[in-house]
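The listed protein sequences derive, respectively, from chains A and B. According to this note's numbering, the residues represented by the first sequence are 1 to 398, in order. According to this note's numbering, the residues represented by the second sequence are 399 to 912, in order.
There are no misleading hints in this set.
Here are the computed lysine-lysine pairs in the DSS-like style, where the Cα-Cα straight-line distance is at most 27 Å:
#1 K403(B) / K277(A)
#2 K292(A) / K542(B)
#3 K278(A) / K403(B)
#4 K382(A) / K339(A)
#5 K427(B) / K474(B)
#6 K713(B) / K808(B)
#7 K735(B) / K828(B)
#8 K353(A) / K292(A)
#9 K382(A) / K292(A)
#10 K209(A) / K32(A)
#11 K292(A) / K540(B)
#12 K174(A) / K86(A)
No wet-lab data here; the hints were simulated from the structure. Owing to the predicted nature of the structure, the values given are computational and were not obtained by experimental measurement.
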Amino acid sequence: MNPTQVAQGRLHTPFHSRIAALDTLNNWHTWKGYTTPDALYCADLEYFAIRNATAVFDLTPMTKYRITGPDAEAYVNRLVTRDMTKIRPGRVAYAVWCDDAGQVLDDGTIFHLRPGEYRLCSQERHFAWLTAATIGFDVTVKHETADVAALAVQGPTSFSVLKAMGYPELGELKPFGLAHVDFQGAELMVSRTGYTGDLGYELWIEPGKAEALWDALFEAGRLYGIRAIGTEALEHARIEAGFLAAYHEFLPADETIRTGRSRSPLELGLEWTVDFKKPVFNGRRALAEEAKRGSTWRLVKLDIEGNKPAHNSYIFAKPKNNREAIGFITSAAWSPVCKQNIALGTVRTPHGKPGDTVWVEIYYQREMHWSRKMARATVVDKPFWFPERRGATPPGPY
Amino acid sequence: MTTDKYDAIVVGAGHNGLVCAALLAKAGKRVLVLEANDQVGGAAVTRPFADGYSTSACAHLLYQLQPAVRKDLGLKPALARDELATIALAESGEHVRLDGNSVSGVSDEDAAEYRAFRKRVNRYADLLETYLNMAPPRLGTKDKRDLVTLARLGFDIRRLGKTEMREFLRIIGMNIFDEVVERFDSGLLKGAISLDAVLGTHLGPRSPNTMLTYLYRLAGGHGRMAIAAGGLGAVSDELAHVARGAGVTIRTGMPVRRIVVENGRVAGVETEDGTRFSSFTVISNADPKRTILDLVGARHFETGFARRATHLRAKGNAAKLHLALDALPEFRDLSKKELGQRLVIAPDENYVERAFNPAKYGETSPAPVVEITIPSLADDTLAPTGKHVLSAVVQYAPHALREGWSDGTKAAFEQTVIETIARYAPGLGKLIIGSELLTPADIEREFHITGGHWHHAELTLDQFLFVRPLNGAAQYALPLDGLYLCGAGSHPGGGVSGAPGRNAARAILARGIE
Numbered sequence: 001m002n003p004t005q006v007a008q009g010r011l012h013t014p015f016h017s018r019i020a021a022l023d024t025l026n027n028w029h030t031w032k033g034y035t036t037p038d039a040l041y042c043a044d045l046e047y048f049a050i051r052n053a054t055a056v057f058d059l060t061p062m063t064k065y066r067i068t069g070p071d072a073e074a075y076v077n078r079l080v081t082r083d084m085t086k087i088r089p090g091r092v093a094y095a096v097w098c099d100d101a102g103q104v105l106d107d108g109t110i111f112h113l114r115p116g117e118y119r120l121c122s123q124e125r126h127f128a129w130l131t132a133a134t135i136g137f138d139v140t141v142k143h144e145t146a147d148v149a150a151l152a153v154q155g156p157t158s159f160s161v162l163k164a165m166g167y168p169e170l171g172e173l174k175p176f177g178l179a180h181v182d183f184q185g186a187e188l189m190v191s192r193t194g195y196t197g198d199l200g201y202e203l204w205i206e207p208g209k210a211e212a213l214w215d216a217l218f219e220a221g222r223l224y225g226i227r228a229i230g231t232e233a234l235e236h237a238r239i240e241a242g243f244l245a246a247y248h249e250f251l252p253a254d255e256t257i258r259t260g261r262s263r264s265p266l267e268l269g270l271e272w273t274v275d276f277k278k279p280v281f282n283g284r285r286a287l288a289e290e291a292k293r294g295s296t297w298r299l300v301k302l303d304i305e306g307n308k309p310a311h312n313s314y315i316f317a318k319p320k321n322n323r324e325a326i327g328f329i330t331s332a333a334w335s336p337v338c339k340q341n342i343a344l345g346t347v348r349t350p351h352g353k354p355g356d357t358v359w360v361e362i363y364y365q366r367e368m369h370w371s372r373k374m375a376r377a378t379v380v381d382k383p384f385w386f387p388e389r390r391g392a393t394p395p396g397p398y
Numbered sequence: 399m400t401t402d403k404y405d406a407i408v409v410g411a412g413h414n415g416l417v418c419a420a421l422l423a424k425a426g427k428r429v430l431v432l433e434a435n436d437q438v439g440g441a442a443v444t445r446p447f448a449d450g451y452s453t454s455a456c457a458h459l460l461y462q463l464q465p466a467v468r469k470d471l472g473l474k475p476a477l478a479r480d481e482l483a484t485i486a487l488a489e490s491g492e493h494v495r496l497d498g499n500s501v502s503g504v505s506d507e508d509a510a511e512y513r514a515f516r517k518r519v520n521r522y523a524d525l526l527e528t529y530l531n532m533a534p535p536r537l538g539t540k541d542k543r544d545l546v547t548l549a550r551l552g553f554d555i556r557r558l559g560k561t562e563m564r565e566f567l568r569i570i571g572m573n574i575f576d577e578v579v580e581r582f583d584s585g586l587l588k589g590a591i592s593l594d595a596v597l598g599t600h601l602g603p604r605s606p607n608t609m610l611t612y613l614y615r616l617a618g619g620h621g622r623m624a625i626a627a628g629g630l631g632a633v634s635d636e637l638a639h640v641a642r643g644a645g646v647t648i649r650t651g652m653p654v655r656r657i658v659v660e661n662g663r664v665a666g667v668e669t670e671d672g673t674r675f676s677s678f679t680v681i682s683n684a685d686p687k688r689t690i691l692d693l694v695g696a697r698h699f700e701t702g703f704a705r706r707a708t709h710l711r712a713k714g715n716a717a718k719l720h721l722a723l724d725a726l727p728e729f730r731d732l733s734k735k736e737l738g739q740r741l742v743i744a745p746d747e748n749y750v751e752r753a754f755n756p757a758k759y760g761e762t763s764p765a766p767v768v769e770i771t772i773p774s775l776a777d778d779t780l781a782p783t784g785k786h787v788l789s790a791v792v793q794y795a796p797h798a799l800r801e802g803w804s805d806g807t808k809a810a811f812e813q814t815v816i817e818t819i820a821r822y823a824p825g826l827g828k829l830i831i832g833s834e835l836l837t838p839a840d841i842e843r844e845f846h847i848t849g850g851h852w853h854h855a856e857l858t859l860d861q862f863l864f865v866r867p868l869n870g871a872a873q874y875a876l877p878l879d880g881l882y883l884c885g886a887g888s889h890p891g892g893g894v895s896g897a898p899g900r901n902a903a904r905a906i907l908a909r910g911i912e
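Input sequences plus hints: build the corresponding full structure.
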């Protein structure tokens, strides 16, 4: 679509013809204005493609901005909480950005494409905020979601697929690295990033080459179990990886109306992304104050007994005689690969320290009748799923 | 080049900068004041504008200098004339005279109503005065001092009594137009009050908030006006004298190029000639936009704050006209004694509103409102013997004139103003031997005030008290360690009041200087 045109109705991504051809369920939803499949044939099997083979997910609708100009580095460094001067060209950083009150607006990945040139990918749209942040900087922010076609290629055999496509040199790519390669005369950007917590890559190309890229990828992946997947399978994988999702683990601060409904990075377990050594960044003053005073909330990863996912559950300090809940579950799933009943939640401090036991009130239905169970849960420190292959360079030949 | 270190550096020797510096020095601090112009006083200066003629360049009446400031600094400005009356000029010669709380030249009903009106507004102004002379409390805080002040504010409003409290809360956000048409018949009276409410603002009498601006004018002296001997520059000179006496170093002709930020805090200033002065406390008498966006730079602040600073409204609309006159002009049916008062051209409330209309679209008023003084009648230092100076505040002349300010547009507007005055003073044109028109654009350039605005930032409820000049900077401290504001842009606002300077000094001392 011409970016100057106003979109009418639901949009198709440049990969739509290929995804529609593989689709058997006709289950679609809208993701930032684009037609996106919930699942194409079976969400469970698609999930196993992520963990056991290669899964391909169309992430074109993900919000993307291009940041260029002499002050680009200083700009992103003031924008986000972590130290971006350490992210050299060819590297990618996971980052969160806050408003002046130190409350999270969103998280995302920032790609240092070339010196002075960045791509910021976020869950939500932020053009107004990113534009406001340019005041005082010689920098240009361009919304480029529709200008870049992108695929996530995730799973143990994903490197083998790319190698079979003719890119063995990508074996040298470390996690959070990016490289530019040639694809049929066009520039293909490959980054070792993803939302699955597994070995995986993301591929970025001009929309005109999207279908050709898809075809080449699936041709190369034929023997490696390559599968197209929908959002449901990915959602499962991201909970196992312990990644945050907007509107689940946090609400973008500019979307909240009631006070106390937003979260700071310190309340989301992201202290490691907040660098107080930087003299100024958005939210610094408020976060410094919070670090001194203590946070109200804490994000917890929970290993829960039993096998009933704790969707929408309250979290309690004790199994009974509780006066009030200490928090609630924000994402929950049974993890086939971990064989664990896992969840992410938000609890009031001082509850929820790693190793603590908390109690989760799970409601479940059997033949119309509801049952309730108080399940013991342990607060864990590490992601539920973090296979060795995720960090190995070069990746193994699965 | 680095020179020695000061406890505090004040950027700009406007009257507020001088008040702040003097109070800090009196508290034992080593203070340096750097002024861009060659004269101290900022916009409160007396300067020549024609051969042998001089006058107060911007502000020309002294009426808001806060008693608390006078007392703290022992100021005794020499007055050439005190307790000026306001004469609302009528083309017919049937002028209306407003003198303190009484008015003449109107019906008995109007006169009685005016007394009642003044009694009431003076009471509200007294309430306001208390809060103009302290740092405004913050909302949503647990700080004890803030909570006490807030409680006191609530209590003071309640103490007006049930009826008066209701009335106060009813009118505080209102426009002056509705208030005057409800009370008075006389167009001249309604026009004169309307003019008082809108002088120096980008507001017309029908704009919300103009009751507030009217009360603001009355706070601290009930609007009693004086002509300072030697012009307002003499008041600034006295302030500079007091400051120097307290140990302040004042250097003029030293424009500050930037406020130096190191490791996320203020570390000093750098002047245009490259000289670096070090201090961990820098107090800006410059307007908030200039301070935040130019002198420091938006990148040293967080995004939300920088965005608010960008959106701060500061569109000046008051021009200043100075005429060098060969002889005393004759105004229809005005005695020489009356000529020495304050003369206003605002025949009725609609006239003032109509004058404002073009300003919304970047045009000057074809029939402007004018506040005239002839200070040379009371002060013979301003003009050669037998000659006179006419000093006028003229509205509306938008800072961002759509056509752009040029010699041509300035000359045309000057002609409009002279013709407007000449309707009341026939023969004025023949007496003019020199003139100077300062548009808001000129005021911006010559006095370094963004938008050329009297108040540095529009004086409206959304930029008042807890949120003046903007949320996050209402207690003189900016969200950058060591940086403060002390000018008209901060609470309570503009006018030669000294209140922002005094409040800032007290707030800074309360926080402690590193």
